[in-house]
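*Asks:* If you read the protein sequences in the order shown, they are chains V and E.
4 is the number of the first residue of the first sequence in the numbering used here; add one for each residue after it.
26 is the number of the first residue of the second sequence in the numbering used here; add one for each residue after it.
Do not rely on the hints blindly, as some may be mistaken.
Said to hold, decoys possible - Heads up, simulated DSS-like pairs for lysine-lysine below, C-alpha to C-alpha not over 25 Å straight-line:
{"hint": "1", "chain 1": "V", "residue 1": "K29", "chain 2": "E", "residue 2": "K92"}
{"hint": "2", "chain 1": "E", "residue 1": "K81", "chain 2": "E", "residue 2": "K92"}
{"hint": "3", "chain 1": "V", "residue 1": "K16", "chain 2": "E", "residue 2": "K67"}
Hints listed in this document are in silico derivations from the structure and should not be mistaken for laboratory results.
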Amino acid sequence: DAGVTQSPTHLIKTRGQQVTLRCSPKSGHDTVSWYQQALGQGPQFIFQYYEEEERQRGNFPDRFSGHQFPNYSSELNVNALLLGDSALYLCASSSGRNTEAFFGQGTRLTVV
Amino acid sequence: QKEVEQDPGPLSVPEGAIVSLNCTYSNSAFQYFMWYRQYSRKGPELLMYTYSSGNKEDGRFTAQVDKSSKYISLFIRDSQPSDSATYLCAMGVFTGGGNKLTFGTGTQLKVEL
């Protein structure tokens, strides 16, 4: 049973560019959440997708957007990258109203 | 003030010691509580999940919640070098519209031989 998978594992982008990160949830899960984890900090909630709609959003600017596909996989898009966007981006999946969230290995984004 | 406070450590203990990791929170609306373990440059791994005050045990791990004091703990018995990692507490509110988790900063634990 595959867990939560994220791609790519590492990414280097230039300031001002755009980036797309991808996530496939754990088998049987239909809800995907995205988190940003800066070095030495806990993960910060970006947003959550369920039934292809953004269900909840954290305190992140509109430069951060997402999408969920009919197969429950999800993308996180970040436009106009800033140096401060450098972080580990984590995807978590869960099932419906079940609150137990399982994380992927993350995508490490470096903005130079 | 952060909603969830956690001592970042680092915490260094000898092998076999009992480890106590703690978090305090200010938002009395939090209803469920989790502990995650995160190895360096990896994603968090769910260790314990609970939603009621009291103790929950799973192997060498015990999660304790005191809602009246807004305080949660994770105890690790017979600690092993493989337990060396960062431990994150997380908590959330039951809603019909999502399950956003609020995390502490994480406590770095090193178990030495």
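*Asks:* With reference to the structure, classify each hint as holding or not holding.
*Replies:* Verification of the supplied hints:
1. K29/V with K92/E: With Cα atoms ~31 Å apart, K29/V and K92/E exceed 25 Å; violated.
2. K81/E with K92/E: holds (14 Å)
3. K16/V with K67/E: holds (21 Å)
Violated hint for the displayed structure: number 1, the only one.
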